[in-house]
Structure formats: C-alpha cells, structure tokens
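Chain by chain, the residues run as shown.
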Amino acid sequence: MSFRSLLFFSASLVLAGCATSIPRELQEARAAYHRAAEEPATLQKAPARLYEAREALVAAERSFNDDGDTVETRDRAYIAMRKAELAKVLARTEVMLERTAQARSALREAKEEKAAQTREELARTRAALVEEQAESALTQEQLEAERARRAEAERRAAQATAALERVASVKQDTRGTVVTLSGSVLFASGKSKLLPAAASRLRQVADALLAGDPNATFVVEGHTDSTGDPALNQRLSEERANAVRDFLIDKGVPAGRIEARGQGSTQPVADNSTAEGRANNRRVELIIRPPA
Amino acid sequence: MRTQFIGLTLLFLLAPAGCATFPPPTDSLAASMASVQTAERLGAEQVPQAALSLRLAQDEVERTRALMADEKNRRAHLMALRAASDAELAIALVREHHAQMEAQRAEASAAAADAARTNP
Chain Y
1 MSFRSLLFFS ASLVLAGCAT SIPRELQEAR AAYHRAAEEP ATLQKAPARL YEAREALVAA
61 ERSFNDDGDT VETRDRAYIA MRKAELAKVL ARTEVMLERT AQARSALREA KEEKAAQTRE
121 ELARTRAALV EEQAESALTQ EQLEAERARR AEAERRAAQA TAALERVASV KQDTRGTVVT
181 LSGSVLFASG KSKLLPAAAS RLRQVADALL AGDPNATFVV EGHTDSTGDP ALNQRLSEER
241 ANAVRDFLID KGVPAGRIEA RGQGSTQPVA DNSTAEGRAN NRRVELIIRP PA
Chain P
293 MRTQFIGLTL LFLLAPAGCA TFPPPTDSLA ASMASVQTAE RLGAEQVPQA ALSLRLAQDE
353 VERTRALMAD EKNRRAHLMA LRAASDAELA IALVREHHAQ MEAQRAEASA AAADAARTNP
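Chains as they are written, first to last, in our numbering: chain Y, 1 to 292; chain P, 293 to 412.
Do not take every clue at face value.
Subject to a maximum C-alpha distance of 20 Å in a straight line, what follows is the list of computed SDA-like cross-link-like pairs (lysine to any residue) [as the list claims (entries may be wrong)]: (1) Y:Lys-171 - Y:Val-269; (2) Y:Lys-45 - P:His-390; (3) Y:Lys-114 - P:Glu-399; (4) Y:Lys-111 - P:Ala-404; (5) Y:Lys-111 - P:Thr-410.
A few chain P positions that, by computed beta-carbon distances, are all more than 10 Å from chain Y [stated by the list, open to error]: (6) Ala-322; (7) Ala-326; (8) Ala-395.
Computed spacing ranges between beta-carbons, pair by pair [as the list claims (entries may be wrong)]: (9) P:Glu-394 - Y:Thr-139: 45 to 51 Å; (10) P:Met-393 - Y:Glu-112: 23 to 29 Å; (11) Y:Ala-115 - P:Met-393: 25 to 31 Å; (12) Y:Ile-22 - P:Gln-338: 36 to 42 Å.
By construction, these hints were calculated from the structure, which means they are not laboratory data.
The beta carbon of each residue, even a glycine, is placed where N, CA and C say it ideally should be.
Please take these sequences and the hints and turn them into a complete structure.
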C-alpha cells in the first residue's frame, strides 16, 4: 500500500467511527437500565447499585459518542447491562428478605398466641378439676347421708314389723308387708262396728305404722268367708275396711296414705268348707306398701 | 521530514488501538478471578440462572488471559471488567434464589400456624 492510501485508510477509519448505527449491546444496556429504574423496588432497596449502573451506561454512551461502535463501546455497554440487572436482582432479594422477616414475626406471634391459648385452657382445665373434686366431695357427703337415711329407714321398718308381729300375724308377699287381723277379734258376727276389745290392738297397729317408713302407704282390705249373699259379703267387707281405716286415721295415720277396699269372699286364704277355714277367711288385711 | 511524517502517521494509526500504552491488567484480572471463585463456592452451578452467568464469567476470564498474552492490554482490562460483572451477577442470583426459598418456607410456616390457631 502506498503512503497516501494509508493516510486515506486511517482517515476513513476515524470518520467511520462517528457515523455507525447503535450497537446491539448499547441498545440492550439502555433497555436493561430502564427496566431496572422502572421497578420501584430497585430505587428503594438498591439505590447505590442503580447509580453504579447509570454511571456504567454513561461511560458506554460516552465511548460511543467519542469513538463510535468500537469493541470498547460494546464491552462497556455489556458491563452497563449486567450492572443494571445486578441492581434489579439485589432489590428483589431485599424484598424477599423482608418477606421472610415478616413471616417469621407473624409465626412468632401465632406461636405466642397459641401458647397463651394453651395456658388459658390449662388454667380452665385445672379450675374445672378443682370444681369437680369439690363436687365429688359433696357427693361423698350426700352418699353417706343417703346411706344413713336408708339404714335408719330399714331399722324403723324392722322395729315396726317386730311391733306388729306382737299383735298380729305378719307376712311378706308381692304386695308388701301384709298384717292379718282376725275378723272375730275386731267385729261381732255380721257387724261392721269395731268391738271395744279391738281398740287396744288397733292402736298398737297405728303406732307401728307411724313408726315405720314415713313414705309407705297402706291399704286396708276386708274379707269374708263364702257363706251368704256375695253382694252382702262385698258390702260388709267394705264397711269393715272403712271402719278400720277410720280408726287408724283417728289415731294419727295420715288419710292420704291409707285406702280401704272390700274384697268380699273373692280372696279366701283357707278352705271355706271347714269351720276353721271359714274363720280364717273372715279377716282384715292391712297391706304396707313400701314407697315406689 | 518524510520519516517524521511516517512516524506521526504510524502513531495516528496505532494510537486509537492504544495497546502498547496500556499496562497489563493484572489487578482487574485478579479481582474478576476472585469473584468467579466466590460464585463457584456459593454453588452458582446449581442455580439455573446463576450457572449461565458463571459460565460467561469463566469464559471471559479465559479471554482476558488470551488478550494479555497477545499484549492487547486495554481490551484485556475491559474483558476482565466484563468477567467481574458477570461473576457479581452470578453471586447475586444465587443469593436471590436462597432468599426466595427462605421466604417461601417462612411464609408456609406462618400460614400453617395461622390455620392451626383459627382451627384448634
């Protein structure tokens, strides 16, 4: 090459540098910077890095203005692009660290609340337990009292039965305690007015009833033998039962606890064909029903 | 006169390239290598985005060395700066990845505890 063409060649090189199109790297660097700057988080969380990115972009632009599309311009543009991306990534990381911190403090709060809840529950359970124990102590007392009451009732029932057995025949059946008084002791034949001799015995019966279970109820049943008109027997047995009932009420047995019924000849306890049997059938039964 | 003219022209030709006047960029090379090593230690190879940036940085370190061997020091210096920017980005991407995992874990725990509180 001649010297003159060398000159031309070098001159054209210099001129060419000022008139080229913008290199791809510089365009990408500008875009990357704008992307980073647009994100509000970048300025908030990584302002220094964003500034560095801007300085790098400025250096690349200066290189392009001064020397055009050179290798140096492209390198500087590349660096500027990476620095812009770096600023964005650092800002995002800050945001995530803040999220973690918030979540951790929310977790702590939730755990503290749970702990407080558990403490409350525990306190409630303890209080309930204490109450239960107090109640059960009371129930023990009540049980003891109940037992004592029942023992007392049984004692009185035994005493009353013993007393009754001294004046009448006493047996137990499905109806309760049955006190059987002979008809001939209480009434004249065919009559329903109590004999004077019956009074002392019936008085003892009344005492025994009153000494027994205060919740027991009584039924007075009149019975006849099978001789004579059944209708008349029925009426006689009713009148006799009422007579005994009235006497007992008079001696203190509460009226609400004692009933009277006539059974006529319908419930014999002995054979009506013999005199002894008929005598046994002519009776008054006093049924002591224990409370239900 | 002619010799001077040729000399000036030669200077004019060579000056824009500027290779002979620039010292070997040993400092910027060392800095970029240090950043690349940090990125490797942090496990950038395991994090997809970071792995790409790390590879670019490693390539650029090699290119820096080649340029220095070729005595193209100014270019080598800029190549070292490129390597450093890619390595720094790789490091940031690894840290971002870990921070994201951490945030997701912490938020999941908080949500679970919240659910447990309202539904004992």
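Results of checking the hints against the structure:
1. Our distance criterion of 20 Å between C-alpha atoms is met by Y:Lys-171 and Y:Val-269, whose separation comes to about 13 Å.
2. For the given pair, Y:Lys-45 sits about 18 Å from P:His-390 by alpha-carbon distance, which is consistent with the 20 Å threshold.
3. Of the supplied pair hints, the one linking Y:Lys-114 and P:Glu-399 holds, its CA atoms being roughly 18 Å apart against a limit of 20 Å.
4. Restraint check for Y:Lys-111 and P:Ala-404: satisfied, since their Cα atoms lie roughly 11 Å apart, inside the 20 Å limit.
5. Distance check on the hinted pair: Y:Lys-111 and P:Thr-410 sit about 12 Å apart at the alpha-carbon level, within 20 Å; holds.
6. Every Cβ of chain Y is farther than 10 Å from the Cβ of P:Ala-322; the closest lies at roughly 18 Å, confirming the non-interface assignment.
7. Distance check on P:Ala-326: its Cβ is at least 17 Å (rounded) from any Cβ of chain Y, clearing the 10 Å threshold; non-interface status holds.
8. Non-interface status of P:Ala-395 relative to chain Y is broken: a Cβ of that chain comes within 10 Å, the nearest being about 4 Å off.
9. Between P:Glu-394 and Y:Thr-139 the beta carbon distance is about 58 Å. The supplied range of 45 to 51 Å is therefore violated.
10. Between P:Met-393 and Y:Glu-112 the beta carbons are some 26 Å apart, a value that agrees with the proposed interval 23 to 29 Å.
11. Between Y:Ala-115 and P:Met-393 the beta carbon distance is about 28 Å. The supplied range of 25 to 31 Å therefore holds.
12. For Y:Ile-22 and P:Gln-338, the hinted distance range of 36 to 42 Å is satisfied, since their beta carbons lie about 37 Å from each other.
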